[in-house]
Every structure is written in structure tokens, then in C-alpha cells.
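From first to last, the protein sequence lines are chains A and B.
Numbered per this note's numbering, the first sequence spans residues 1 to 285.
Numbered per this note's numbering, the second sequence spans residues 1 to 302.
Just so you know, these hints were derived from the structure itself, not from any lab.
Here a beta-carbon is modelled for each residue, glycine too, at the ideal position from N, C-alpha and C.
Certain hints may be false.
Said to hold, decoys possible - So the derived label-pair ranges between C-beta atoms look like this:
| id | chain 1 | residue 1 | chain 2 | residue 2 | range |
| --- | --- | --- | --- | --- | --- |
| 1 | A | GLN279 | B | GLY207 | 36 to 42 Å |
| 2 | B | ALA199 | A | TRP209 | 42 to 48 Å |
| 3 | A | PHE9 | B | VAL146 | 45 to 51 Å |
| 4 | B | GLU161 | A | TRP46 | 19 to 25 Å |
| 5 | A | VAL278 | B | ARG263 | 21 to 27 Å |
| 6 | B | THR153 | A | GLY48 | 19 to 25 Å |
| 7 | A | ARG101 | B | LEU41 | 25 to 31 Å |
| 8 | B | TYR264 | A | ARG198 | 38 to 44 Å |
| 9 | B | GLU142 | A | LYS180 | 50 to 56 Å |
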Amino acid sequence: MAQRRNPAFMMGYRLYVLAFFIFLAAPLVAAGTFAFNDSQFPALPWQGFTLDWFFNDTEPKLGMFHDRRLLRGLYYSFVIATMVSLLSVFVGTCNAFLFVRVNFPYKNFFYIMMVVPLVIPGVILGISILVLASTVANGVEETFNYEIEFLRPGISLVVLGQFSFITTITSLVIIARLRKFDQTMEEAAFNLGASRTRVLWTVTLPFLWPAMFAAGIVAFLVSFENFNTTLFLVGSEAPLTITMFDRMVKVGSTPVLNAVSFFLMVGSGLLALLSILVQRDKTET
Amino acid sequence: MACGTDHVFRGLNPMQKDITRLSFILLFAPFALWIVLLIVLPHIGMVIISLREKVAPRVYEFSFAQYIDFVQEPIYWNTLLRTGSMSLLVTVLALIIGFPIAYYIAKIAGKRSKGALFLLCLIPLWVSDLIRAFGWILLLRETGVVSTALQKTGLVSQPIEFLYNDATVIMGLVYTVILFMIVPLVSTLDGMDDAMVEAGYNLGGNGPTVLRRIIIPYAMPGIVSGCIVVFMLTAGSYLTPILLGGKNSSWFTEQIYEQFISRYNWESGAAFGFLLLFFTSLVVWLGLKLSGQTLSSTVAKS
């Protein structure tokens, strides 16, 4: 294809691709760079390099590692993301075995049901789960006079809300891996006299670990950065994205938000890299 | 459920049959709990709530009042139509901008740069919407980088506000969702045999003909799947319109938030939520019908 097109066209094409990647990078570079600007505002002119927005411990330039509210947000995000990734990897693995190994009626229909949560707008997932949880909690409170704490807005509901669509992602990742598994390996183990549980633990699961790990990291990151669903389910324990949004809208931005952005970008970049490395290692051996 | 699976177990001895059935139930339970409790029941609950009206404190009656309100108040359905048409525009733009990029990654880039470019495409995926929108704000606001740079170079004499207009909202939305267009396109185009394109040229087709008659039909499942995801994500997005468009961006999800959280009017918020879901599903269904694809041949595949 390339040889048939004239050089000027290819040149233009390459420039277009380059321009596209500059477009992709521009806002991220802007968000990250101003974290190091020695100024009260995340704007030009450049006032010199500083790490104050990370480490300084006094107002007005309170660094992110001394900002109580941001740190608390970070902590809640971490707790939520950990629970979501553990839960969604567990259910995702079950789903993978269900859809790859078992044949059952209406399988296609159920498969579509599994994919659907991914395309439902996050706002709607948020309100529908809020409505159901509150209705149930109110009903129980009126009839039995008992308050179900975990159905009220708060960490548990945020976890459930994020879990509801992140499980689709983890399922798809793990299903893709399980499809590649050569089932004769299991049969060989059975023939050598291994029990079902033993085969699962020593043959099948080790093959799946990289995908489960990668799915867990994806789930962690998606949960960490989720906003739409979380917004409706959040209680007093606000995760980081909500805290940052409040600050952006109500207080106006200072470079401490850039510091948090930089921190999150580096963190998620490293995690993404880790998940790629883990998957690559196993496919080569 | 389990009785319908008998044909699968034919030929196994009774004990193995029991084990297989047990493992089926154990595997199906988490799936069923997840889908029923977190997807199906909440949506049914949402529809039920949207179909009632508060007649007195704590007293509700079945009524279509919320939907009648929606029809009678032009601002509501105008917002929904605006959200829908702008989302369609974003989808088309994402396809037009993203297709050459996907083609470059899948077919033109060398083996080594291919993987790297694909990863580069995914990087913004790992960064929160919030940070991406924040980055655009820093670049585009009145005191932002672009405005300052333009003043420095003497092109303009006064600061320019690039935020809070429709063009910026559309640009920001395209930016946010374009990856979901590129990824399925790359994976479909990757499977295309170069020989098909060669054959097209050998039979006398020129560039545009080959693109129109060979490449695009081949990439159709990827195109449709990308468009569906991009459209749904755009119509359901909240952060980008509100941050880049300001309070006047009138995006439908803002109406839902307003009804639910600010006015505490759950009935109408639920009705709006259902309308958004219904409307976007309708558009997706129409798109599938028009392109002759099915949901399982596109989204479920990628």
C-alpha cells in the first residue's frame, strides 16, 4: 500500500499522525508540568522549578503530601479500588470459566447481558443503584426498624457501583486468556491421576494468573479514576476524584491539583507498565 | 436452568454429571447475582420510581407525570436532543479523525513502532477524565497557555477565552473518547490481509475506491463497535461538558444530576435517566439496523 502512494502524501500522513499524538499529549503535559511551577496559579509565566506543591508543609503553598483532605481522598480511593479489583477479578474468573467451559441454553443472550454494563452510561448505573439501595434500606427501616448501614451512600455503595461495570472489563480480559488455553494440558494432568482441584490449582490457574493480575490492575485504575458512577453513591468518605472535582469547581485550582495529577499519572503509568510486563513474560515462556 | 443443560452431560456417569452440574451452578451464581442485583433490579427500580408521583408527603401514586413534564417543558427535551445530536457529531468526528490513525498503526507502521504507537494511544486511557479536562482548562482558559502564547507572539492583543463554547466541548469529548474508536479499529484492521488491498489495486482501483470498496467494508464490525461505545460514552459523559462547557453546556446528564442531587426530585431524575438510556439505546439500535450489524457481531466480539 505504502509504495503505491506518492511521497508527498505519505509525508502529509506522517505529519497528521504526529499532530494527533501531540494533541493526545498536550493536556496531560500541561496538567503535569505546572506541578513544578513556583507560583500560586497553574498558569504561565514560568516562575521557576519547585517541589513545594508536593512536599511543602505550610500554607499558602501546602504540598499534596501535607494536605489532609487530599490524603484522605487518596486513602479512600485506594481502599475502594482494592476492594473493587479483588471482587471483580473473582467474579470475572468465574464468568470466564462459565462462558468458555460450560455450554448452557441462551448462552449468547447471557453473554450480551455480561457486556451490557460497559455501555450503560455511568450516571445511570449510579442513580439506579442508589434508587434500589435506598428503597430497600427504607423499606427495611420502616418494617423492621433496622438500619442497613451499607445500603446508604458511602464506601460500600461506591464499591458496588463501580464493581457493576468493571466486572465486565475483567471478565473480557480473563475470557480472552482462557480461550487460548490448550485443554489437552488438563487432560494430561487428569490422565496422570490428578484430582480436579489439583488440576485447577497447578495447571489452569497458573496459566490464568497473568490475565487475572492484569485484569486486577485495570480494575484498580478504572476504579481509581471513576467519577460519574461514584458521584451519586458517595457518602462522607469522598475518594480522590470527588475531592479534586470539588476543589476545582468551588475553590479554584492551585498547582497542588497539578501535583496530584502528576502523581496519579506516574502511578497509573507504572501500574499499566507492570501489567503489560506480567502478560508479556508468560506468553513468551 | 440446570435441567436444560442435560444434553451437555450425556455420556457421563451419574457422579460426574452431578459434579458438572454443581460446578455449573457455582459458576453461574456469581454471574447471576451480579447481573440481577446490580444491573437488572436497579433498572427496574428506576423505571418504577419514574412512574410515580408524590401526591402528599410519603404518599405516591402511579402516574406518567414525570414523562408528561418532560414533554411539556421544552428545555428538557431540547437538552436531550442537543445531547444526542452533539454525541452523534462527536462520534462521526472521532471516526473521521481516528480511522487514519488506526490504519496507520495497523497497516503502515513497522512491527516495532506499531506496538509503541498502540501503547501511546492507550496512555490517556489510564489518566482520569478529570485530569484530562483539567489539562485542557489550563491550556485553553483566558489566562491559559494558548492565550498567553498567542499574546507573546503578538498575534492577538488581548487574552482570549477558549473555554465555555460548544466547539471546545466537542473537541474535549472527541479527545476523551477517541481511544475507544481507535482500539477496535486497530484490532479489526490488523486481521485484514494486505493481499486484499493489493488485489484491489491490481484490478485497477485507485486509492479512494480501494478505501471505499475494500477497506471500509472489511472494517465495518470495528467501525460499528467503536461508534456504539463512543456514542454511549459521549451521551453519558458528565465531567467534560461541565468542566469545558461551564454551567451553560446543557448536557442531559447535568439535568439528571440537578434533579437527583440538587432538587432531590428522584421521580423526575429517574425518569430522565430512563429517557437517556432509552434514547441512546434507540440510536444504537437504529445504527445497527442501518449498518446491518448485530450487537454480538460487533461489541461482544472486541
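Status of the hints after comparison with the structure:
1. GLN279/A / GLY207/B: 36 to 42 Å: About 37 Å separates the Cβ atoms of GLN279/A and GLY207/B, which means 36 to 42 Å holds.
2. ALA199/B / TRP209/A: 42 to 48 Å: holds (43 Å)
3. PHE9/A / VAL146/B: 45 to 51 Å: violated (30 Å)
4. GLU161/B / TRP46/A: 19 to 25 Å: This hint holds: roughly 22 Å between Cβ atoms.
5. VAL278/A / ARG263/B: 21 to 27 Å: violated (48 Å)
6. THR153/B / GLY48/A: 19 to 25 Å: Since the Cβ atoms of THR153/B and GLY48/A sit about 23 Å apart, the hinted range of 19 to 25 Å holds.
7. ARG101/A / LEU41/B: 25 to 31 Å: holds (28 Å)
8. TYR264/B / ARG198/A: 38 to 44 Å: violated (56 Å)
9. GLU142/B / LYS180/A: 50 to 56 Å: Given range 50 to 56 Å: holds, Cβ gap about 53 Å.
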